[in-house]
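Asks: Residues per chain are reported as follows:
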Amino acid sequence: MERTIVHMDLDTFFVSVERLINPSLEGKPVIIGGTSDRGVVASCSYEARRFGVHSAMPMRMAKQLCSQAVYVRGDMELYTRYSRLVTDVIAESAPVYEKTSVDEHYLDLTGMDRFFGCYKWTHELRQRIIKHTGLPISFGLSANKTVSKIATGQAKPNGELQVLSTQVNSFLDPLSIRKIPMVGEVGYRLLRSMGVATIGTLRLVPPVMIEQVLGKNGIVIWRKANGIDPTPVKPYTEQKSISSEHTYEQDTTDIMQLRQTISAIVEKLAFEMRSKEKLTGCVTVKIRYANFDTHSQQKQIPYTAFDHILLDTVLGLFGKLYNRRMLIRLVGVRFSHLVGGSQQLNMFEDTPEIANLYQTMDSIRRRFGKDAVVRAGGISSEKIKVKR
Amino acid sequence: MKFIITSLKLLRSLQALSGVLNSSNTLPILDDFLFKIVDNELFITASDLETTMIVSLIPDLVEGGGEVAIPARILLDTMKTFPDIPITFEINRENLAVEIKAGEGKFRLAGHRSDEFPQLPVLVDTSRVEIQAEVLVNAFEKTVFATGNDELRPAMSGVLCELKEDHMTFVATDAHKLVRYRRFDAKSEHNASFILPKKPINQLKNILSSKQDEIVVLEFNQTNSVFTFSNVKMVCRLIEGRYPNYEAVIPAQNPNKLTIDRAALLNSLKRVAIFANQSTHQVRFKIAGQELILSAEDLDYSNEAKERLSCSFEGDDLEIGFNSRFFQEMLNNLDHSEIRLEMSAPNRAGILFPVDNENENEDILMLVMPVMLNQ
Numbered sequence: 001m002e003r004t005i006v007h008m009d010l011d012t013f014f015v016s017v018e019r020l021i022n023p024s025l026e027g028k029p030v031i032i033g034g035t036s037d038r039g040v041v042a043s044c045s046y047e048a049r050r051f052g053v054h055s056a057m058p059m060r061m062a063k064q065l066c067s068q069a070v071y072v073r074g075d076m077e078l079y080t081r082y083s084r085l086v087t088d089v090i091a092e093s094a095p096v097y098e099k100t101s102v103d104e105h106y107l108d109l110t111g112m113d114r115f116f117g118c119y120k121w122t123h124e125l126r127q128r129i130i131k132h133t134g135l136p137i138s139f140g141l142s143a144n145k146t147v148s149k150i151a152t153g154q155a156k157p158n159g160e161l162q163v164l165s166t167q168v169n170s171f172l173d174p175l176s177i178r179k180i181p182m183v184g185e186v187g188y189r190l191l192r193s194m195g196v197a198t199i200g201t202l203r204l205v206p207p208v209m210i211e212q213v214l215g216k217n218g219i220v221i222w223r224k225a226n227g228i229d230p231t232p233v234k235p236y237t238e239q240k241s242i243s244s245e246h247t248y249e250q251d252t253t254d255i256m257q258l259r260q261t262i263s264a265i266v267e268k269l270a271f272e273m274r275s276k277e278k279l280t281g282c283v284t285v286k287i288r289y290a291n292f293d294t295h296s297q298q299k300q301i302p303y304t305a306f307d308h309i310l311l312d313t314v315l316g317l318f319g320k321l322y323n324r325r326m327l328i329r330l331v332g333v334r335f336s337h338l339v340g341g342s343q344q345l346n347m348f349e350d351t352p353e354i355a356n357l358y359q360t361m362d363s364i365r366r367r368f369g370k371d372a373v374v375r376a377g378g379i380s381s382e383k384i385k386v387k388r
Numbered sequence: 389m390k391f392i393i394t395s396l397k398l399l400r401s402l403q404a405l406s407g408v409l410n411s412s413n414t415l416p417i418l419d420d421f422l423f424k425i426v427d428n429e430l431f432i433t434a435s436d437l438e439t440t441m442i443v444s445l446i447p448d449l450v451e452g453g454g455e456v457a458i459p460a461r462i463l464l465d466t467m468k469t470f471p472d473i474p475i476t477f478e479i480n481r482e483n484l485a486v487e488i489k490a491g492e493g494k495f496r497l498a499g500h501r502s503d504e505f506p507q508l509p510v511l512v513d514t515s516r517v518e519i520q521a522e523v524l525v526n527a528f529e530k531t532v533f534a535t536g537n538d539e540l541r542p543a544m545s546g547v548l549c550e551l552k553e554d555h556m557t558f559v560a561t562d563a564h565k566l567v568r569y570r571r572f573d574a575k576s577e578h579n580a581s582f583i584l585p586k587k588p589i590n591q592l593k594n595i596l597s598s599k600q601d602e603i604v605v606l607e608f609n610q611t612n613s614v615f616t617f618s619n620v621k622m623v624c625r626l627i628e629g630r631y632p633n634y635e636a637v638i639p640a641q642n643p644n645k646l647t648i649d650r651a652a653l654l655n656s657l658k659r660v661a662i663f664a665n666q667s668t669h670q671v672r673f674k675i676a677g678q679e680l681i682l683s684a685e686d687l688d689y690s691n692e693a694k695e696r697l698s699c700s701f702e703g704d705d706l707e708i709g710f711n712s713r714f715f716q717e718m719l720n721n722l723d724h725s726e727i728r729l730e731m732s733a734p735n736r737a738g739i740l741f742p743v744d745n746e747n748e749n750e751d752i753l754m755l756v757m758p759v760m761l762n763q
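Those protein sequences? They're chains A and B, same order as listed.
Under my numbering, the first residue of the first sequence carries the number 1, and numbering increases by one thereafter.
Under my numbering, the first residue of the second sequence carries the number 389, and numbering increases by one thereafter.
Just chain A, same shape as in the assembly (with noise of 0.2 Å):
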């Protein structure tokens, strides 16, 4: 059956929501990540994407590309914020949404032409978001995801564009590969060293040869080109983890240090599981060593929020993993089968004074900020930030 999906996707969000709370930002060069040496870009204004600087280049190369422009060290929990503005108003009129990131939605209008015609729907729907918002948001119509994506791709900054079902083959062919979604930089070397530049032109491969070059990745590419997708639109459903990482500023082989970070992270976690009435039954720890190996091992456990408990097994779990005397570049941990509910507690672990311990520190938190309150071991110079 024919599918009508929309993509939807927040032009240069982050540098958006900025500019929405600081108009002086309008018109200017702006960049979004870590202002550290060693941060990279999370996202840039079209004025800042002239001088060469994208998203995922190193702060440091942005700096020499760019200089004059607007640093912005970026507050993940506002862009949150804004994220779910739009998701709501999407929420209140699509049938079938799914949020694949902080900035991007697919819609699902099958069968919603015989009524509304879905480019007049959408294309009012684009502008109930901006109204509402103050954000710009682009959008692609097509017969599925792929298609979709790569038409937002095309109307952007602040545009709409429909490809019918007819016109996807003529609509791919002369765009570069590199705009397929899942070609990245050394695909796409290695496609160019073989004379393909266009979507045409791929199409045309035989997708054996394809395969032997790109793997079983290869042939899905090679779909993707010739406008096939069959991927549907999954609802958006609860989120399944809560997980955080920190990069140190110089690579480390604290071990003090490193357990400071992982007990600051944990914390702020099991905060925020606590916050929101859920409990953990898998522990993921993860390290990076300087040479960017990276390692992790995970834990099943029951149910759980409280971060004495998490605490124990996250270093149980680093100290099983880092067994190679090298520096350490990052730490991370992800707490993952989330489920809604309140911590059960231990007739002999857990005494009254633990669980009043907890509930006061928790709304102390609640109302003088999070790092109000901190265990004394996960005091360290460095700042954790939390993200899903």
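Worth flagging that the hints you see were computed from the coordinates, not collected in a lab.
Heads up, some of the hints might be wrong.
To be verified - Quick list of in silico lysine-lysine cross-link-like pairs, DSS-like style, CA-CA up to 25 Å:
hint, chain 1, residue 1, chain 2, residue 2
1, A, K370, A, K240
2, A, K276, B, K674
3, A, K216, A, K234
4, A, K63, A, K99
5, A, K276, B, K694
6, B, K494, B, K468
What the hints assert, rightly or not - So the derived label-pair ranges between C-beta atoms look like this:
hint, chain 1, residue 1, chain 2, residue 2, range
7, B, G703, A, L85, 42 to 48 Å
8, B, E438, A, N217, 49 to 55 Å
9, B, Y689, A, L327, 43 to 49 Å
10, B, Y689, A, L65, 47 to 53 Å
11, A, N217, B, D465, 50 to 56 Å
12, B, D723, A, H295, 52 to 58 Å
13, B, F431, A, S241, 57 to 63 Å
14, B, E438, A, S101, 40 to 46 Å
15, B, P542, A, S93, 54 to 60 Å
What you are looking at is a predicted structure, and each value in this text was computed from that prediction instead of being measured.
For each residue, glycine too, the CB sits at the ideal point set by N, CA and C.
Chain B: place on chain A using the hints.
Replies: Quick look at chain B alone, frame taken from chain A:
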């Protein structure tokens, strides 16, 4: 060695014994029943190394003596199919072939050498006490559900039996719920305590439930216990380790007392729990005035339930959360029409008692830990 026995009599004993067998064994001989004939009496043994159970039967006819191990599964399956008819067993001493004749049928299977079968432990330095079967059945029924499954805490996977001069106490807990079952009509000359594993408890509970008037002789030492009654003898290894100090976690001051109809509460709880998160099963108890409001929600599916019950309550209004699974298990294991729930604070244990217990010699206390609700 040859004997004749009616199939139903044999089947009943074999089925009782089969509870001891493990589904997969490291020692192949443990998949067998040991048959032994001494002085016209047939002894059948099943063992899993930890628990060994012996049943004695008088066959209708016995010729010769000796012993042989017979594969349990095949024997059980065969016996199940017979109506109540006499069955002849004939065992060839040379090759241990077992020949079974029943009616017009003739069946043959290979027996195994009896000396491979594990020996019964020799018990030295034992104490002896006699207990009414009814006491054990009730004690085990009321407690065994509360035992834990944590391999790291083996002591809590069994039931603690405390024998005192003026009473006996049976305790089970998994750190979230606890049951203390006390009987004042069962006594021991010497104070003693041991931890009995789950398997023999379930086994005893099932066998004794039809023999409540019998007297059970219990002999035990530091490592093993032996239960003897009618034609059954059960030897089981005790769980080593220290049982947690359970008396310390039972709060003494519980000013908030809720009295309610057990069946009504259980029914509402079952219903409301359907709408709770299916991993955590948490239900909120809100008690105000003479009203108990049960509520649950599952945000993932937008499920929500709320139900109001009338109760009698003395104390301050209170909001407390419980895992409904624990609570239902407890209510299910009480057979009194009214129960009393005593609480002190939302973060402290709730204690459940039956109201108006007809049996004056019985003292039942069930304790359940709450979940830490956000304030």
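Asks: So, for every hint listed, does it hold in this structure?
Replies: How the hints compare with the structure:
Only pairs whose Cα atoms come within 25 Å are accepted, and A:K370 paired with A:K240 is accepted, the gap being roughly 22 Å. For a cut-off of 25 Å, the pair hint linking A:K276 to B:K674 stands: about 20 Å separates their Cα positions. About 23 Å separates the Cα atoms of A:K216 and A:K234, which keeps this hinted pair within 25 Å; it holds. As the CA atoms of A:K63 and A:K99 are separated by approximately 32 Å, the hinted pair breaks the 25 Å bound.
Among the hinted pairs, A:K276 with B:K694 is consistent with the structure: their alpha-carbon atoms are about 21 Å apart, no more than 25 Å. For the hint linking B:K494 to B:K468, the alpha-carbon distance of about 16 Å falls within 25 Å, and the restraint holds. Against the hinted window of 42 to 48 Å, the Cβ-Cβ separation of B:G703 and A:L85 comes to about 45 Å, which satisfies the hint. Remark: the range hint 49 to 55 Å for B:E438 to A:N217 is upheld by a beta-carbon distance near 54 Å.
Under the hint 43 to 49 Å, the C-beta atoms of B:Y689 and A:L327, about 47 Å apart, fit the expected range. Checked against the hint of 47 to 53 Å, the C-beta distance between B:Y689 and A:L65 comes to roughly 49 Å, which is consistent with it. At roughly 54 Å, the beta-carbon separation of A:N217 and B:D465 lies within the given 50 to 56 Å, and the hint holds. The supplied range of 52 to 58 Å is met by B:D723 and A:H295, whose beta-carbon atoms lie about 55 Å from each other.
Between B:F431 and A:S241, the C-beta spacing of about 59 Å keeps the proposed range 57 to 63 Å intact. Separation of B:E438 from A:S101 is about 55 Å and departs from the stated range, judged on CB atoms against 40 to 46 Å. Range check, B:P542 to A:S93: about 58 Å between beta-carbon atoms, so the 54 to 60 Å window is met.
Hint compliance for this structure: hints 4 and 14 are not met, and every other hint is.
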